[in-house]
Amino acid sequence: MGRGSKMLLTGAGVAGIVAAAGRARKAVQGAQAGKGDDVPVTVLAAPEDIARAWAEDGAAPGTPGTSGSPGPADAEELDLRPAPAGRGTEVRVRPETGRDGDGHRIGAHERLRRVKARLEAGEVVTTEGQPTGRGPVAEALTTAVSERLGGGAS
Amino acid sequence: MRALVWQGVNDLAVEDVPEPRLLNDHDAILRVRATATCGSDLHLVDGYIPTMRQGDVLGHELLGEVVETGPGVERLAVGDRVVVCSIIACGRCWHCREGRFSLCDNTNPNPAIAETVWGHAGAGIFGYSHMTGGFAGSHAEYLRVPFADQGCFPVPEGLSDDAAVYASDAVPTGWMGADNAEVQPGDVVAVWGAGGVGQMAARAALLMGAERVVVVDRFPERLRMVEEVIGAEPLDYTAVDVHEALLETTAGRGPDRCIEAVGMEAHDTGLEHAYDRVKQALRLHTERAAPLRQAIRACRKGGTVSVLGVFGGFVDKFPLGAAMNKGLTLRLGQQHGHRYIPMLLDRMAAGEIPTAHLTTHPMALEEAVDGYDLFKHKRDGCVRAVFHP
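So the protein lines, in turn, are chains A and B.
The first sequence stops at residue 154 when you use the numbering used here, and every number in between is there.
The second sequence stops at residue 389 when you use the numbering used here, and every number in between is there.
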């Protein structure tokens, strides 16, 4: 990934990579000043792979629990910049763009976590369906409460 | 299958639960052959680590046999006898590639709790609350292991189940404590806690070339193990003033490296312990940290304090002034076991790291409630109860 590259997505596709060597500092200052609501994550992957994974989120093979059709990628909110020291790509997204494959709105944070895990680890680890002593009704209830409180399905 | 489940604070039960199944492509299913109690489990049993839920399966230190693998598993085969690192790591994120496996970015499916309390979420851990992922634990007949190629390590022949099981947690945690302490040949090292992890830290320090290793505890049977099996020097904190004894041992310098292997429910004597107990019981702080305070105060100027014991929240009366003005280095963390376990299994097989003596109480899984009672209260000389489902 080239130094200073920046990618903005528009609609459901990739708008392009803007080679912005020399502008990186300015871009970061802009992000600090005006995008305080963004949800950030650093992904050890190239920006084009992140853009693709973001658009495809919800249809990841080998990822149980996210098998619905992809939601629209409101991608003008997805901002990609190179992370320092070979750490991949800094990703920032506006929270309202996040939604899961079943059409339910989820936090951008959770969606970014899934994208990051798919790209880095090859799958999104889950605990849904593992043994507990709670029984199916209590398990479904605690999972639902956990998700409503902002956690994952654990 | 049968499993030991957490029903509430100080309320455990062996119950029927569903058998695990493959949930991700990189999973394996193991038949558990040996699963050990660990001092850090007591923080869950006693309710000091929050976010346990009724019905959670406990246990994180295990040895098992592979019975099924997912389509993404390449290095394991059905029938392999393996130890499983208690930490779950993807092996591919930036932290894993740097060798800091317990900081893995991708193995806690419920990071919101840890992010709220700690700022960031670490790796998932088997059977260790929903703050570390909510994974089912190993005190069961079968266990599902995510990222099995990363976390399962074949056990050398000749190493018994009851000896090898500690390669899952106690041995790598102890080794990392000495590694983090940067033990050098000629060092004097003090270790607080003579449980399994403390003994392994002491042994690691000796193997790294420490001139003397002193282990602080109060239980005679554990102190005997320190002397007779590990080859270190026991120090009974109920019989002597630890600070004065360590200064005497080092002619006033203080130990070069101090390793805390006790954690948030430390016992001590005197008013400070009473103060800690009351504040913890009232939830005005979450840690009883007397050994950590002692370590910082005793450590020589410019030395290193390495923290292995599990802490969960906030500690009172932390001697930051001593740490700062003496120029100490503090190193902390859950074990990065994936980095160490293959090397440690070789050392265990070669007889360099004795562990079989730790299993004072081998038991059936059906006896696990009694096993935890023995272990918690150190009855009958219990150092570790190991269950065989």
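No lab work stands behind these hints: they were computed from the structure.
Each hint should be verified, as a subset may be incorrect.
What the simulated footprint calls covered on chain A by chain B, stretch by stretch (three residues with Cβ under 8 angstroms from a Cβ of chain B suffice, anywhere in the stretch; the number is not a length) [said to hold, decoys possible]: (1) 44-51; (2) 110-117; (3) 133-141.
Label pairs and their in silico Cβ distance ranges [said to hold, decoys possible]: (4) B/185 / A/138: 49 to 57 angstroms; (5) B/302 / A/140: 19 to 27 angstroms; (6) A/138 / B/67: 53 to 61 angstroms; (7) A/137 / B/182: 15 to 23 angstroms; (8) B/118 / A/87: 15 to 23 angstroms; (9) A/40 / B/281: 37 to 45 angstroms; (10) A/137 / B/327: 14 to 22 angstroms; (11) A/40 / B/158: 23 to 31 angstroms; (12) B/47 / A/140: 39 to 47 angstroms; (13) B/99 / A/84: 37 to 45 angstroms; (14) B/115 / A/138: 23 to 31 angstroms.
Where is the CB? At the ideal position from N, CA and C, for every residue including glycine.
What are the numbers of the hints the structure violates, in ascending order? As far as the earlier hints go, 1, 5, 6, 7, 10, 11, 12, 13 are violated by this structure, in ascending order.
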